[in-house]
Amino acid sequence: MTIHRYTLIFLFIVCGCLESYTQTAEYEMKAVAFEKISRFIEWPPDAFEKTNNEFIITVLGKNPFGKILDEIYASHQIKNKNVRIKYISNIQDLDECHLLFIARSEKSEIKKIVARVKYKPILTVSDEEGDAKEGCFIDFFEDDGRLHFDINPKAMKASHFSFDYKLLQVARIVN
Amino acid sequence: MNSIRFFFTFCMFMFFSLSYSQDTIQDTTKSRNVDELFKLDLDEFLKVVITPSKHPQSGNIVTQMVDVIVTKEIETNVSGNRNLCEVISNLPGASITVLSRNDANWGTYGGIGPKYSTYMLQGLPLDAFMDPMSLDLNIIDHIEVQRGPASVIYPNFLSQDFAGIQSPLAGTVNLILKSKIEHPKTALQLSYGSYNTLNGQILHQNRLGRLNYFCGVSYEMSEYTNYGTEGSWLNMQKDPQYRKTKLYGGLTLFIDKAEKQKVTFFFQKTWHAGDAGRVYRGYDNRYGTINAGYEVTFSEKLQLQSHLGIRSYDRSWQESNFGVIDTLKSNNGVNQLIIPADLSLAWIQGKKGALTVGADYQGATYYTWSDPLLGYRLYGSKSSATQYGVYIQEDWYPLSKLVFRAGLRYSWVSNQIALVNAQAPVDSKYSWNRLLWSVGIRYLISDKFSLYANGGSSFAPPGLKSTNGTILLSDFKVPGKNGQLPNPGLKPENGIGTDLGFEGKLPAHLKLGVRFFYIVLQDAIVDNVVSQNPSQSQSINTRSTSLGGELEISQKILPSLDWFANITYMKTNIKNDSSENQNNVEVPFSPNIVANIGLNYSAPFGLTVVPALNYNGGFYDGTSITSRTWFTPGFVFNAYLAQVIAKGDIYRLECFLQFYNITNNKCILPWQFQNPGFSMMCGLKLTFL
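Just so you know, the sequences run in chain order A and B.
Each residue of the first sequence is one higher than the one before, counting from 3 in the working numbering.
Each residue of the second sequence is one higher than the one before, counting from 1233 in the working numbering.
Some hints here could point you the wrong way.
Each computed DSSO-like pair below joins lysine-lysine, with the alpha-carbon atoms no more than 27 Å apart [as the list claims (entries may be wrong)]: (1) K1584/B <-> K1533/B; (2) K120/A <-> K32/A; (3) K1723/B <-> K32/A; (4) K32/A <-> K1713/B; (5) K52/A <-> K135/A; (6) K1304/B <-> K109/A; (7) K1492/B <-> K83/A; (8) K168/A <-> K1304/B; (9) K120/A <-> K159/A; (10) K168/A <-> K1807/B; (11) K1807/B <-> K32/A; (12) K1304/B <-> K156/A; (13) K1680/B <-> K1584/B.
Since the hints were derived computationally from the structure, they do not count as laboratory data.
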């Protein structure tokens, strides 16, 4: 009985640690990756005209970041602009935005979302591997415990985004 | 009753586990880790490597195994011997045998001897023996260690000193300089420790528009301690004091706004002076390193890189008549200048494939001298060497899960010898040429598992020191005649290195790696210790093989806690039919087993704890069964501890402790050297952000 109890205690502690690690490390990395990737991307010239020198990130769907995005970007900028975070549950609610993060909960809606933002100066970043093939600009995936991403340069160029070649060298290119 | 108690316990621990999870999430989010992540450039953030093909690639899709040592690992490394080699000592397959703070590393990589893993600075070769003693760790952004053969796109290093020419047959260590400065920083560090050692460092880095730069200075003075064995030829009569000063600076200028053209420049000058424990055993070594480069991206598909370097090594020392009153016998020196240059073009094909073509050059001059108090110098050896190479390598991705690599190099080397042992040689010019090859494959079984295999050839002619020595053949076992005996009949060596490995990512952030290697060298030039006192070596030709396996495991338990363990087994053999006494023996300096275990913990309240345990199962120092000696370094346990004691928006004050050889293992080393045992340093680091 004692052995079982201590096994249980051990498992709960380990599971607690691992679960928290999985969530925090992954989404901390993804939150920081927004800034890293943006360094190598140029938005269309008129993208920031209406937003009062703000960089707006919109999270669509079930928010996996918790408070991470708000806390991180309270003290960090993207492209030398202060960052504002918006959360929406429906693509119809999307208004001014520079980076649209599509949560995994929207997996079945990806084609509809891509069609909605097509040709707009909005960088679409999906949390689901394979969405770049569906027309999303970037999707995240994990390998070797490290964050990686797919990039769809054809779709980006169609929306008048330009990007540094270095981004293509570190990403998996689709389409 | 038991059921009720169990249920109660269950509920309590459910509560604590969930609370703990929640706390960890919040702590981590607020932790300094995020700030650290923002400081990284994209390459480091995504662990991109450049060494395998000279253009950036994800480390997961290259055929070779590449380890990346990041800034934090460099900063928390405990360098008991002040040698850059110690940073890689925890990697599988590496055996580090640094003789003292004033001497070189004679360790091995892949069990095949000390000169088959080259060192490079930004892709240009360095000296594996001298530069790790001189280069400052503050200049380095990260280190890429490529395991396995790399002789096609990287040349040999034409050093004539120490063990002679070095080739990247077993691997290469590429030191990547700081380039794009994302955040300005000024760091001041002062530490004091064992042997009355005082160390001070200043580093400043900043960006002004498109100009990124860093500069710094470090100074260390120490009374050190006797690092010779009892009765050693070193005959120390006092503590061997030394002073080491390093001055360095580097800049990266992006010529255009799109950063498609980049000019880089780096220099370091090191002055290392002291005495070897006697009044007239002083030495004064000066090392200079320059790296300059120009890189241009013509298009997304075409990139050009060009680099030029200067490496100068000026070593001088005194020889004395040992006695109750030491008397000066002579001043002596070795001067070496090596200029490497490289030009390469990468053509990106399709989504990932790349064709790399390039050419490289090295010019080297070398001379030794002695001033036996006559008022003028007598030159012992004078020579120059030239090396040209052209290479081509293709990385081909026929399927998304399959990577092929193949390459060829044509290499031409010539030695011009003006003087050997103060006399003009009969044959003054030698030249060799060889065609080298390299192939590799990686198959991604799934997103989590992959298999890889590599093979490549190498070629190295004998160095001048190996053929002509630093003392005369007639000096064999003559008391006071320390140095290398000549062997003019040495032939060039040809090698083939192969490896086969598996990488896997298991649940719970566990990573597993297995790698087997087999290296064979025809006419391998091996340094053989022929006398302990006087300290004498001689290079000989043999057939050397090394067969081994590496097993490694690592796990990131929390963002702030990870651990690693690895073990490498090597079986080496030298065949020398001409001498029964040197036949079927182990490769000198190659241990049969090395193992490492360590962890890295960073607490949210600013505490960093990095303990590491290294085990070396032992090695011989020579190939002669009757005169070689077995050495067992055994366990060396080091630990780094740091605590942030004050922190503001623009500054951070940290105190740190470095413990070297905690178990005070005073193991005997070759050439009658000895590990002096436990030492520690304690210091403060003030960083302005």
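Against the structure, the hints:
1. For the hint linking K1584/B to K1533/B, the alpha-carbon distance of about 10 Å falls within 27 Å, and the restraint holds.
2. Proximity of K120/A to K32/A is assessed by CA-CA distance (about 23 Å); at most 27 Å being required, the pair is judged to hold.
3. The straight-line distance between the Cα atoms of K1723/B and K32/A is roughly 56 Å, outside the 27 Å bound, and the hint therefore fails.
4. Using a Cα cut-off of 27 Å, the hinted pair K32/A and K1713/B is violated, with the two alpha carbons roughly 64 Å apart.
5. Proposed proximity of K52/A and K135/A is contradicted: the alpha carbons are some 30 Å apart, above 27 Å.
6. Restraint check: the Cα-Cα separation between K1304/B and K109/A comes to about 37 Å, which exceeds 27 Å; the hinted pair is violated.
7. Of the supplied pair hints, the one linking K1492/B and K83/A holds, its CA atoms being roughly 24 Å apart against a limit of 27 Å.
8. Straight-line distance between C-alpha atoms of K168/A and K1304/B comes to about 24 Å, which keeps the hinted pair within the 27 Å bound.
9. A threshold of 27 Å between alpha carbons decides the hint, and for K120/A with K159/A the separation of about 11 Å falls inside it, so the pair holds.
10. Under the criterion of a C-alpha separation no larger than 27 Å, the hint pairing K168/A with K1807/B is inconsistent with the structure, at around 49 Å.
11. Between K1807/B and K32/A the alpha-carbon distance is near 55 Å, which puts this suggested pair outside the 27 Å criterion.
12. A threshold of 27 Å between alpha carbons decides the hint, and for K1304/B with K156/A the separation of about 37 Å lies outside it, so the pair is violated.
13. Our distance criterion of 27 Å between C-alpha atoms is met by K1680/B and K1584/B, whose separation comes to about 20 Å.
Checked against the numbered hints listed earlier, the structure breaks hints 3, 4, 5, 6, 10, 11, 12; every other hint is satisfied.
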